[in-house]
Structures are given as structure tokens and as C-alpha cells.
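Visitor: Chains as they are written, first to last, in this note's numbering: chain A, 1 to 97; chain B, 1001 to 1529; chain C, 2001 to 2371; chain D, 3001 to 3554.
Keep in mind that the hints were calculated from the coordinates and are not lab data. Heads up, the beta-carbon is just placed ideally off N, CA and C, and yes, glycines get one too. The reader is advised that the hints may include incorrect statements.
[Claimed, not checked] Pairs of lysine to aspartate or glutamate residues, derived as EDC-like cross-links and limited to a Cα-Cα distance of at most 16 Å, are as follows: (1) D/LYS3154 <-> D/ASP3253; (2) A/LYS12 <-> D/ASP3099; (3) A/LYS21 <-> D/GLU3449; (4) A/LYS72 <-> A/ASP83; (5) B/LYS1055 <-> D/ASP3253; (6) B/LYS1420 <-> C/ASP2010; (7) A/LYS12 <-> D/ASP3265; (8) B/LYS1198 <-> D/ASP3493; (9) D/LYS3103 <-> A/GLU14; (10) A/LYS36 <-> A/GLU22; (11) D/LYS3418 <-> B/ASP1455; (12) B/LYS1006 <-> B/ASP1038; (13) C/LYS2057 <-> B/GLU1483; (14) D/LYS3408 <-> B/GLU1522; (15) B/LYS1312 <-> B/GLU1254; (16) A/LYS12 <-> D/GLU3106; (17) C/LYS2057 <-> B/GLU1480; (18) B/LYS1342 <-> B/GLU1357; (19) B/LYS1249 <-> B/ASP1314; (20) D/LYS3408 <-> B/GLU1398; (21) A/LYS21 <-> D/ASP3265; (22) B/LYS1126 <-> B/ASP1112; (23) D/LYS3199 <-> D/GLU3116; (24) B/LYS1475 <-> D/GLU3106; (25) D/LYS3451 <-> B/GLU1480; (26) B/LYS1192 <-> D/ASP3493; (27) B/LYS1420 <-> B/GLU1443; (28) D/LYS3408 <-> B/ASP1517; (29) D/LYS3319 <-> D/GLU3449; (30) D/LYS3418 <-> B/GLU1398; (31) B/LYS1006 <-> B/GLU1136; (32) D/LYS3418 <-> B/ASP1457; (33) A/LYS72 <-> D/ASP3253; (34) B/LYS1339 <-> B/ASP1501.
[Claimed, not checked] Every beta carbon over 10 Å from chain A, so not counted as near; a handful from chain D, in silico: (35) MET3138; (36) GLU3148; (37) GLN3385.
[As the list claims (entries may be wrong)] Facing chain B, a subset of chain C residues (Cβ under 8 Å, in silico): (38) ILE2009; (39) SER2021; (40) ARG2048.
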Amino acid sequence: MSKREFTLDKLKRELGIQPPKELTEYVREITTIRSKIINCLRKDGELTVKDISLKTGLPENIVFWHLMTLFKYGIVEPTEKTDDGYYKYRLRGEAHG
Amino acid sequence: MEGGNKIRIGVYVCHCGGNISDVVNVKKVVEEVRKEKDVVVARDFMFMCSEAGQKLIEDDIRSGKVNAVVVASCSPRLHEATFRAAITRAGGNPYMYYHVDIREECSWVHEDNKEEATNKAVRQIKAAIAYLRHAEPLSKIRVNCERSVLVIGGGIAGLRAALDLAESGLTVYLVERAPFLGGNAARIGRVKVFPYEKTAIDIVRELIERLRKMGNVAIYTNAEVENVSGYVGNFDVTIRVNPRYFRGKPNEYEIEELKKICPRKTRDEFSYGVSERTAIMLPPFNGAYPEIPAIDMALCDKCGLCTKVCNKVDLSQESQIIHLKVGAIVVATGFKPYKPEKGEYGYGLPGVVTLQELVGIINRYGDVVINGKRPRSIAFIYCVGSRQRREEGRKANEYCSRYCCIAALDVAVTIKEFLKGVTIYHVVRDVRSYGVNELLFEEASRQGQIIIKYDIDEGEPQVTYINGKPIVKVKDVLTEHMELELPVDLVVLVTGMEPSDGTADIAEKLKISRGTDGFLQEVHPNLGP
Amino acid sequence: MAKVNPKLIDELKELGAFDISACYSCGVCTATCPLAQEGHEFPRKIIRYAILGLEDKLISSTEPWLCYYCGECTQSCPRGADPAGFMMAVRRYLTTHYDFTGFSRRFYRSKVVELISTILLFTVTVLSIYLVHGPIILTRVDLDSFLPPHIVELGDIVILVVLSALLLTNVYRMYRLTVMARNIPFTAYIKEFVRTVVPHFLTQIRMLKCNRNTLNWIMHILIVYGYATIFIFVVVFLDLFQTNVLYPIYSPIRLGGYIASAALLIGAGYAIYGRLRKDTVMRQYSHSTDWFFLTLLYLVVITGVLIDAFKYMGLPMETYIAYTVHLGLVTPLLVLEVPFAKWSHLAYRPFAIYFTRLNDLSKARTVQVTA
Amino acid sequence: MFINDKPKWIVLALESGFDGVFVAADGTDCPYLRDCTERTARHVKEAQELLSGKGIEPERVKMAAICSVCGEAFSRLINDFYSRLVELGPIRVRAMGGDISQKILERAELVQGSFEYDVVVIGGGIAGMEASLDLAEMGFKVLLVEREPTIGGKMFLLSKVFPTLDCASCISTPKMAAVAHHPNIDLWTYSEITRIDVKGRGDFEITILRKPRFVNEDLCTGCGTCEEVCPVILPKEYDYGLRGRKAAYIPFDTAVPKKAVIDIDKCIFCGQCERACPASAIDFTQRPRIYRVKAHAIIIATGYRLFPAERKVQYGYGKVPNVITAMQMERLLSPTRPFNSVLRPSDGKEPSSIGYVLCVGSRDRTVGNPRCSQVCCMYSIKQAQLILGALPLADVTIYYMDIRAYGKGFEEFYQKAKAMGVKFVRGRVARIEGLPNGNVRVIYEDIDEGKVKLAEHDLVVLSVGLLPNNDDILSKIHGAKIAVDELGFIVTDPSAPTQTNVEGIFAAGCATGPKDIPDTILEAASAAARCAAYLRSLRQEKVVPVEVVANGGR
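Chain A with its partners taken away, still in its complex shape:
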């Protein structure tokens, strides 16, 4: 497998294209957000969106959006609901960022 020529390299060579800078920056940013959230959960266990927001300094809606995406990919799962209608979330098994 290591000697296999990847089709991606071929495409890059043929077209001479690079991903746009804004895109790579965007990806770096979301990766940071993701790892912040995951680290936070890893450290403190079960947390609500508000808790994570306070700990990471990220806005609540951003935290929630990423949590739901992590939930989709099976990295995070909800646990019980608090009285005021917020769920708590925790990492599912061994999470990897």
C-alpha cells in the first residue's frame, strides 16, 4: 500500500491546484474548537452546553452545533436532562479528536 500512487496526488499534479487559504484556516479553527470541547469533556465528564461554554469561552450556539456533530459521529452522547430542560453530554467510550 505504501507504494501506491494516490489519485489525489495525480489530480494535484495535473491541475496544479491548492486548497484555498481561507478553507485551510477554517479547518484549523474548527479542529481547535472540536478539541477544546473534547478535552473539556474528557477532563470534567458530564457537562451541559452552558458548562462547556463557560469553560472554553466559546459561544453556546457554537458549542452546541459541534456537540451535535460529534454526536452524529458517535463521539459524544447525551446523558440525563436537567430540570431546566438542558441535557448533559459525555464522551462515548474512547473518543479521539
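Using the hints provided, position chains B, C and D relative to the given structure of chain A.
Guide: Frame of chain A, contents of chains B, C and D only:
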């Protein structure tokens, strides 16, 4: 997979996206049935019926793991065929299959007792497994199917269906109870059908004309379906064609004479009772089919006067019985307008008519004339015979008839075009001018027609009389629930639809189920509307 | 049980409410309106009165005067029914109803009547001046001898008395039609008058409640104060104002006159410009009476400025002619517009606020009594 | 004027950022060349053809003969042209957008060979699927073309359907499977129609661009490994942005075909997917393929697009986080929901009070749509019932003008919602404001009481109207013009409601106007029947004459 092989059953339990799994413990069901003898595979899935779900089954069959399938999901009416097709695709026998309904029969009806619902599902699946253990693979037989269709009802739906079927090459038999084609749409006459520029009668006429040109259509008017037997693809139909008592088309002179001669009179149903007709029913509009008159034997007293002015009258004709073989039947028996009871919103009193009667007046006279005068103000009262509330001792149509708001607005806009000064009130509950018809509503508004909304909880609008003129009393929701008195010259009751008389009859003969509203029930409102 | 008059809406349409029939009563206009308040919701309620033909209800409403025509309702109306234009039309309608002479009705209904009346008054004034004027001195500008101030003063006072009488009668009729309060003490009447009419007349502050009316408010204030200044000069200080003396530029009378004229020019100019451009919702349609009012006002100010300019340039004949024309225009402006037409709103608006307040007080009292 | 490259110049102008080109030619009395005008017209026409090949609207180039005294005419023309351009909006390179896809698009290759079908169905939503299945059952060869990477349209995203409340997926997913398996249906997803030529009676040539998924469909098993490793997270269209997806993704769990696709514009070329794919299915060397397909009939089933709620500025959509559209709520309620429950997007709270604002983008002249969208009342009532099922303690309030529960069983469904405790408030909402605690305030006049009221909700749902989705496809038809109404819905014949004004082209579903699922299916079946009749008439099949029994003698 052949009979000699040992039976290997696969059980597939569907969550139905929560419809089932919210009540029935699907995982437990799977665990339970897995223990059963001959069960080699037991799985659950969010949507068994989806591509991915079907693939599960197919893969198991292809790999030879499974040769008989139990799917526990929704009603077999929905998806039995779906799974049979999947099994066939994978090379299995589609009849080594049992469809267990654990949605309608477990989760939906036993929402309150989750545990029992689960147990019931397990029992049902076990029964299916037992069935399959003893089942023998069946094979399909091919039955020839008649390439002909019976269309019942010669209204606009029946005409259109017959034309489409005929154009796709099938032989079509069109049966209409009335002596002439056209149904209700023909009676709407010269009122334009929003949003088009055509009038209803134009559309009917065009359809009839095109239909008559087709060589593969037989039209029976004045005819009724007597009996239907047979099975899917091969129905035997008996039709009774009642005589018209005419041997061909009378000439113009004879028609003029026939108009005058008959002494028996009754209200003409074509104008919704606005005008009178005699026992000799002449073609009601230009382009009507057939062009031959018919005699209404229920009215005729066989005085014989007509035979003297027209030698084509033949009072000795008898009804014919026709036997047909058809592959399919289209029921298009249409509707009849709701008939208000006497006194309902003043119905029966002078100056109170139904929407259909108003349409009849417009078509008959080309104008609106009530008691010899053109009205200066008209009030339309909506939801008469629709959206009724269930009360003791009274038949109630709880459904919305869908067309009346639009029909009434359409008529009102037409009236306003030739009666410029008339004030029109619409006494409504909700204006249901859905879709493009909203533009019709807006047009009516811009013409200055006035919408008044009433709340049924505050009582229905009242029609009373002062000095012989109707007055509509209504509480207007839009104006602080103020009680208004509208002195008008004409009250129009916007009546809903009811299933036509023929509908119940045909449903009986064809063994079609009807809904609580009396209309026919489709297979599934969304899957096969 | 309310009786309905289906013809009412036609009358309102004549006065400018062309699209109102399209209304389907959704309530967005009322919910959008920055001035609608509890118990005095508009425009939708007023629209319903009009569409149903509830004449009495419409005439007894003060709400139309509480609207300052910011146009937000029209901009948000999903049916394009132009509620703001409708409210304007209702104000015209009400003006005709408050006026007992019937002139108002005629003016609003016919441009011709309005034009003829204006020309007539103009001619009468010019003719009177022709008849009463003193010696025309051409060697220097001598207004005092051309038209002695006491004669003008006399004219002023006659017009003032007649106009006030007419306008106040109309206001009284408005009171009769709109105020249902019969149970509040006289002192409350006085107190509320001081609390409502006076400050509103002086500041027009309600106008600022509308979200985008700040500029309009400024322009409106310019017209009000510009006009008030000149009015005071002319009626109270005519001796000082109409004079042969050439004041230095810093003199309060001259400077005040200049500032007031400038204010009027800017204010009225802005209004005319807006109506010509039709850029905002509220300026889409102008009734002929609006144009009459603005044109007259503008011409009056310009001729006033001309008198001054000619005087300081030392052009006697030009000054006299300008003065004659000026007075010829002032008369119709005052006699027609103030009691019968557009300008009557200077009284109706503050009084509407006052009357509304009275009704509220009365209602509160009734509730108290019953409770 | 006679440089042959001229058309390319025009194209270049549009490609490099101009939104339109107005060619002001001379009148017929050009002193230099007699046929100057005709030549120019030819260039313009060539340019337009080039443009439509690239997915740019040909109307962006306009030519008019203007002479020196035509000032007024010129300003009128240019104004008309300008307003048309405003309607069209800025150029989107429809094929894929972005630089990279443009470069990839240039590598497109024309696939040789003849492709012939009886019918090409455009749009793989419920209407397109139903019509395809019906026609295929009758034995016709059908090509179903879908722009998205999966068929299913909008229906398979829904929760449950009114008035029976059974799940939308139960109806749409089996149909999707049936379409994929039917021997008479060829299914081309992720494919775009770039041109339709009407050549004659029953003779259409359709140019179709099949975009590369960069995944070998034969090898991909839909396992989702590529999606797991992809580092790029983007808003997921199928959840209306409620949560993220990756640049390499499988559109949906129940997608058909369930194959991955790589969003090349958002790819950072890290290559992780290719290394991780257990089936070695990732193939970046795929090229776009262009097909020329012959067809005898066309069915347009392009469905609808939602009214862009942000255009109704007063409602704050896009600014107030807890104002969502009904389609987003539909996702929240569906079994394949993006969240673990119905939660509001600002902070994940389970809402206890939910407001529905009806007629957003419909019955509203301020946004240019005076019509009613037919379905919003009912789907809102349905969602209200579902919410009460999912969150039994929640309050649901529906702000309405008229409840249009007109169809079979609809009125009963409405009455049921009332009985369940859904609050119905008569009054159109005028304004929506966000509050600091995430709650949302609606301002409206309660018509019943005649009072202006403010109400606070945890979450507000905008019941957005439906707009046509066919302007794109219609602009690509050459040789005939399909009649549309002022909103852009296809106009059909009143006595044959699926027949467009162009012979051989039929329309079904929301392409002809907003409608609910039963009506859509009916219309699709009807379009299929009409289409079948038309195809048979082309083949001139003999009909079996039938003896008409004399009915009263003739």
C-alpha cells in the same frame, strides 16, 4: 432453497423510525425470537423498508444464510410487496415470507403498555416463524388481463380518465347514470374557472369532443352498473342501459314542438332546480352528448302527446342489459351539493338560495334577478353543510369541502363584473383560498367585496326578515366581535359537497370501503391517494 | 347591533384610500405601528370601520389624528393596501365632517372649487388693497404710506377673529363627536388641557415616536416655529415689522424674520421635494389639497422675502407690488387652509390627544365606579 | 466586429465577474459593413450558446440596435435589462461553484455513444420517482436525472405526514429503493442538465453533465470511513445546517445510492479519505462526463425551494438563533433527527414554549409572493401535534390568519390539534426579536381581542412558503419556451393539468405549484399516464375499436 432444503428463517424487526421502537422494545424482541428453532438470523433496523434495510435481507439470502423471511414492521398493506420484491431480487422465493404487523397491531394500539406490546410482538413473530416452518414455496402463475377499463361516472373526472385511458390504447366503457354527460362541471356553465380563462362548460365540451373522436370508447348514458363479479384483471360487469324512448335525433322543428308539448313538469336538475323541465329531457347545452333527448319515465304518464309531434319518439323501448369484460374499474361518481334543511339559515324563504342555485340563475338568465329585481347587496354564508359540529340527532359533515370558498369567490367576482354597484359580503370562518386561488380572494377584496369572519363558538350567523327583506346578523371577529346587521337583497348559502347518490350504490356493488364521511377510501392517503 | 353603510368606503377612496379594500385584516399594520397603544389600536380597527361602513364609529374615533404618517404600516402591509395613505384619507374625511360650513367637503372633493376660491380671495384682497391704498411714493420705499399698518392690522384682526371662531367651532364639533366623557370634573378638563394640548402644540413630540420621522419632525418644527414667529410679528408687532425703518442685520426683528423665513423655506421645500420625488412610502400619493397648501405657503414666504429684498435694495414699486401679491396669497392661505383644509390639523392633532386623554380618564372612572 | 473570438470575449467578461453584457449595435445603416447587425447578432447568439453550456443564463447577454438618437429607447432597454439581471442575481457557476470545480469542469469529456430513452424525468423527488416508476411499470425506458447525490427529494427528510401521521420515510424510502432496482429505470444522480433541445415532435436532445463524486460507485460500500477521517466540517444541507457534515460524506443514512461523495470545493486535499478507504473507492481522477441523450418525452418534477426566510427581515431569521424554519423543525422531529431530542439551536435547551408563525413568504406582497403555499397550515398543525407527543409539557401556539385545512381529513386533523391543546391565535406576526436569554419575542395584533401583544417563546418556527425550483431548468430549454406564471411555476392546461404548453413535456408535483404529498403523487401518476398516452401516440399503436351499443338508436 428448494423444498428439500432445511428451512432457515431470518427475522427482521423494524423500528419504523420510532413508530415501533418508542413502544416496543425492539432489542428484546430480537433477543427473544433469536432463540426460536430454525431461526438463523434476527436483526433490527431503523427503517427495514429503506434501501439499506432491504439490502440486509438481500445479503442474507444471497449468502445462502436464509431461505425464509419474517419482517416485523408496519401493515402489510404498505410494504408486503416491497419485501417480496427484495426477496425476489436476491433470488429467494417471495412467498417464503411472512409479514408481521407490529406497528398498527402493537405499538400504535398499545402505547400505554410497553411491556405487553413487546410481548405481543414476540408472540406474533413466533407464530409467523411457525407458519414458515410448514410453508411450501409457491410459484407465480400468469393470468391474462383484459385490456379494457370501465369508467363509472361521466362527470369531468370520468371524462378525463376515459380520455387518458383511451389515448393510451385501452378499450374504455364509460357509464353515466344521467341521460347526458358532463356532471356537475357542465352545470357550472359559463362561470370562468379560476385561474384559467376557460369556462367550465368549455372544458367539458372539449373533453366530450375529444372523447367522441376516439374509436375505442363506448359511452353508455342513462345507464347503471347492475352487477360486478370476477377478480383483479378480469371483472365481469353487467350494465343496464335504460331506454331514451327516442329513435334518433329530432330535427330543430321537432325540438321546438317537443319543448312545448309535454304537460308534465318538474324542477330541472341541470339548473339546480332554478328552471323547469318537462318529462322530455333535451340536451342541456350546446355540444352535450348524446344529442338525442331522453324521456324521464319517472315523470312521464304516457299521454302520448309527444309521439304526435315527433315520429322519433318510441315509448315502447325497453332497457338493455349489456355484459362487459374489463380489466379494471375507475370509479368517478362525483359529488352532489349539500342540500340545506328547510329553515337552515333561512333556506326556503324568498331571497335565500344555495350557491348552486345562484349559478343556475346566472346560467339561465345571464344575470342575477331575484324577485324581478337585481340585488343591490348579497351576503354569502360559508361552510353550510361543511365543518359542521357533531350534535345530537343531526347529521354532520365534519369535513371541509375544499372547493366552496373558491367557488363562491369565483361566482362573486363574476357577479361583480356585471353588477358593478352591488355590495357583496362574505360571511366566512376561514377563507380557504389555497394556492393560486389566493389571487382570486385578493381580486374579490380589491373589488370592494367585504369579508366578515365569524367564530362558530359564538353561534352561527342568523338570517331574519324585516319587511320581507333578509337581514344577516353576525358577530364579526375582525371588528371586536361587534354584532353586525347586514340588510341584503339576497343570501347565498355556500354549500359543501356530499358523496353523490351513486357513490354508495357503486361502493356496495364493488365492495369498496368508504370513510366516515361517506366518500370512498383510498388504499393509503399518502402512499396511494 | 351596528348598521352598515357600504358607500362609506367609496367616499374614502375618493379622498385617497385607493387600495384599502385589499386589506385582509391580518393586523401587521397595528402591530408595526409605533404609536398604536393599548385601547387605541390603529390602523386595522379604523380600516374595519371604514370597510364595513360603520360611519358613527369612524367619526367618533380620534385615532386617525394620533397617526403621524411615518409609513411603516404601508411598508409592511402584505397585501399592499397602503394603510398609511388610508389614515391620511380618513383625516381628510374627518376634517370635512368637523366642518359645519360644508366648505371643507367642497374643497376636498373638487380641485376646481379650491382653485376658484383661491383665485377669488386673491383677487378680492388685491382689489381691496387697490381701493384702500395710500399714496404711492416712488422716491423711496414707503410701505407705511402705501398701506398704513393700522389698515393691515385691521384686516389681520378680522381674519384672526373669523378664523379662530370657525376653527374653534370645528374643534367643538370634534369634541361633540369624539368625546364620550361626561363624568369628569371641570378641573380635570383644565389640567389635561395644559398637560396635553400645550406641550404637543409646542413640541410635536409624538412625531418622534415614529422610528424614521426624526427628519420630518425637524422640518415640521421648522415650519411650525417659522410660521409662529412671522405670525406673531405680523399680528402683534406689525408696527415694528412692517415699517420703513431699515433695521441693521442684528436687529431681533430683522434677524428673526430672516431665520423664520429660512425655516419655512427649508421646511416647506423639503415637503415639496419629498412629494415630487415620491421616495418614501408616505409620499407616494398627495391629494390636491396638499399641493395647494404647500404651494401657497411657499409662495407666501417667497413674496415675503421679496418685499424685504426690494425694500433693502430701495426699489419702491417692486416692493409695493410684492407686498400686494403677498397679501393676496396670505388671505387664501389663512382663510381656506386653516379652518377648512390641510392646515386645520394644527388644531385637530393636539386636541385629538387631549380628547383621547379625556375619554381614557372617563373610562377609568367608570371602571372605578363599577368596581 | 468580425473577429471570431468575439463570442469568447463576452463569455470571458461574464466569467471574470460581470453579471451581464449589453451589446449596443448600430442600426442597419452602418457605414462600414452592410450586414454588421446580423454579424453581431450571430456573435451574440454564439456567446449565448457557449454560456448555456457552462450553466450561465444566456439572458445575461442582450443585444439591441441603438443609434445616436435613441437615448430614450436606450435607457428603457438598459433599465429592463438591469432589472432582469437583478432578478437573475449574481452569476453562480451552477455546475459546482468555486475555482477548483471550475478547473475540474474544464476537464469534462463528452461520452460517445448513443443514449436513447422514452422519457427523461427531471428531479428525483417523490413526484419524479412516482412518475418514473409508473412509466417503467408500463414498460417504458426511463432516465431519472437528479442534481443531488441522492434521490428522495425533500420527502425523505420529513418526519411524519399529515393527516395520517405515518412516517414519511416509510413511504419515500421504499420508492427510492424501487427506483434504484427497476430494470427500466436508469438513475443518474449528481447530474445536471445543461441543455435541452426541442428538435421536433417527440424528439428531444438533452445534454447532461454527470459530476464526479470522486468515489468509485462500484467499489464504495457506504461504510462511512472516509467521512469519519475527513477533517473538514461543514453545515449539513440535509439537516438545513443544524449540525455538521464532512467534506467527504454520505448524504444520508437512507440515501440512494448510499455512496460517498467528495465536496471538492471544500476539500483541503489532505488525502486521509483515500488512505483510509477500505475498498479503495476514492478516485480523485474522475472527470465530469457529458452525455447527449435522446428522449421522446420529458417530465419536469423539479419540486420546490423554500422561501429564503432571511428575506423577511422583520422575522430575524439568521440573526436570532432560536428562530428556525419549519423544515428545520421537520428535521428535529424526524426519526433521523440531528439532535437527540427537540432542542433549540442557541444552547441546546428543550423548549417548553414554541410559537409557529404562518405565512412566511406567502400571502405577502412585500416579498413578492401574494399566493398561498397550500401546505404550511397543515404541516404546522402536524408538527404541533408531534411536538406535543415528543414534549408533553410544551405549549405550542400557532399564529394564523386563516387555517386552510381543506383536504381530505384535514379539517378533522385541525380539530384534533385544537382538542390536544394547541393554541391558535388569529393575527399575523409583525415582528420577531431575540432576547438576551435566548428566548424569542413575537409582536402581533391579537385580532380576536383587537390588541397588540408581545409573547415570549423558547423557540419560534417560521412556516415558510414554497417557491418554484424550475427557473434553472427552464432557462436551458432551447427551441421552445415553457409557459410559467408570474412566480415561475409551470402553467398547465386546465383540462389536462400535467401538460405544459410544449408538446411532449409534462410537469408534475410542486413544479406546477405548491401542493401536498397526496396531490403530488396523484399529479405524478397523472403525468405518467398522459406521458404514456403521448408516447403511444408517437408509436402510432393501433387501438382496438370498440362496438358502441346503440344507446337509444342513432
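Visitor: Give a verdict on every hint.
Guide: Tested hints:
Restraint check for D/LYS3154 and D/ASP3253: the C-alpha separation of about 14 Å stays at or below 16 Å, so the hint holds. Distance hint between A/LYS12 and D/ASP3099 is fulfilled; the C-alpha atoms sit about 14 Å from each other, no more than 16 Å. The hinted pair formed by A/LYS21 and D/GLU3449 fails the criterion: a straight-line CA distance of about 57 Å is larger than 16 Å. Between A/LYS72 and A/ASP83 the alpha-carbon distance is near 25 Å, which puts this suggested pair outside the 16 Å criterion.
Taking the CA atoms of B/LYS1055 and D/ASP3253, the gap is about 13 Å. The hint holds against a cut of 16 Å. For the hint linking B/LYS1420 to C/ASP2010, the alpha-carbon distance of about 13 Å falls within 16 Å, and the restraint holds. Among the hinted pairs, A/LYS12 with D/ASP3265 is consistent with the structure: their alpha-carbon atoms are about 14 Å apart, no more than 16 Å. Between B/LYS1198 and D/ASP3493, the direct Cα distance comes to roughly 10 Å. Compliance with the 16 Å bound is thereby established for this hinted pair.
A threshold of 16 Å between alpha carbons decides the hint, and for D/LYS3103 with A/GLU14 the separation of about 11 Å falls inside it, so the pair holds. Proximity of A/LYS36 to A/GLU22 is assessed by CA-CA distance (about 21 Å); at most 16 Å being required, the pair is judged violated. Between D/LYS3418 and B/ASP1455 the CA atoms are separated by roughly 14 Å; this keeps the pair inside 16 Å, and the hint holds. For the hint pairing B/LYS1006 with B/ASP1038, the CA-to-CA distance comes to about 9 Å; that is within 16 Å, so the pair holds.
For the hint linking C/LYS2057 to B/GLU1483, the alpha-carbon distance of about 13 Å falls within 16 Å, and the restraint holds. Of the supplied pair hints, the one linking D/LYS3408 and B/GLU1522 holds, its CA atoms being roughly 11 Å apart against a limit of 16 Å. At most 16 Å may separate the alpha-carbon atoms for a hinted pair to count; B/LYS1312 and B/GLU1254 meet this at roughly 9 Å. Restraint check: the Cα-Cα separation between A/LYS12 and D/GLU3106 comes to about 15 Å, which is no more than 16 Å; the hinted pair holds.
Between C/LYS2057 and B/GLU1480, the direct Cα distance comes to roughly 12 Å. Compliance with the 16 Å bound is thereby established for this hinted pair. For the hint linking B/LYS1342 to B/GLU1357, the alpha-carbon distance of about 15 Å falls within 16 Å, and the restraint holds. Taken as a hint, the B/LYS1249 and B/ASP1314 pair is honoured in the structure, with Cα atoms around 12 Å apart against an allowance of 16 Å. At most 16 Å may separate the alpha-carbon atoms for a hinted pair to count; D/LYS3408 and B/GLU1398 meet this at roughly 11 Å.
Only pairs whose Cα atoms come within 16 Å are accepted, and A/LYS21 paired with D/ASP3265 is accepted, the gap being roughly 12 Å. Pair hint B/LYS1126 plus B/ASP1112 does not hold up; C-alpha atoms about 23 Å apart against a cutoff of 16 Å. Between the alpha carbons of D/LYS3199 and D/GLU3116 the distance comes to roughly 14 Å, so the proposed pair stays at or under 16 Å and holds. For the hint pairing B/LYS1475 with D/GLU3106, the CA-to-CA distance comes to about 69 Å; that exceeds 16 Å, so the pair is violated.
At roughly 10 Å between alpha-carbon atoms, D/LYS3451 and B/GLU1480 fall within 16 Å of each other, so this suggested pair holds. At most 16 Å may separate the alpha-carbon atoms for a hinted pair to count; B/LYS1192 and D/ASP3493 meet this at roughly 14 Å. Simply put, B/LYS1420 and B/GLU1443 have alpha-carbon atoms about 14 Å apart, close enough for the 16 Å limit, and the pair holds. Taking the CA atoms of D/LYS3408 and B/ASP1517, the gap is near 9 Å; set against the 16 Å cutoff, the hint holds.
Proximity of D/LYS3319 to D/GLU3449 is assessed by CA-CA distance (about 31 Å); at most 16 Å being required, the pair is judged violated. The suggested pairing of D/LYS3418 with B/GLU1398 holds, with an alpha-carbon distance near 14 Å, which does not exceed 16 Å. Taken as a hint, the B/LYS1006 and B/GLU1136 pair is honoured in the structure, with Cα atoms around 12 Å apart against an allowance of 16 Å. Proximity of D/LYS3418 to B/ASP1457 is assessed by CA-CA distance (about 13 Å); at most 16 Å being required, the pair is judged to hold.
A threshold of 16 Å between alpha carbons decides the hint, and for A/LYS72 with D/ASP3253 the separation of about 11 Å falls inside it, so the pair holds. Note on B/LYS1339 and B/ASP1501: the hinted pairing holds, with a Cα-Cα distance of about 13 Å set against a maximum of 16 Å. For D/MET3138, the non-interface assignment is confirmed: its Cβ lies about 41 Å from the closest Cβ of chain A, beyond the 10 Å cut-off. Distance to chain A confirms D/GLU3148 as a non-interface residue, since its nearest Cβ pair spans about 19 Å, more than 10 Å.
For D/GLN3385, the condition that its CB be more than 10 Å from all CB atoms of chain A holds, with the nearest at approximately 21 Å. The beta carbon of C/ILE2009 comes within 6 Å of a beta carbon in chain B, closer than 8 Å, and the hint placing it at the interface holds. Interface hint at C/SER2021: satisfied, since its Cβ lies 5 Å from the closest Cβ of chain B, which is below the 8 Å cut-off. Hint on C/ARG2048 holds. Least Cβ distance to chain B is approximately 4 Å, under the 8 Å limit.
In this structure, the hints that do not hold are numbers 3, 4, 10, 22, 24 and 29, in rising order.
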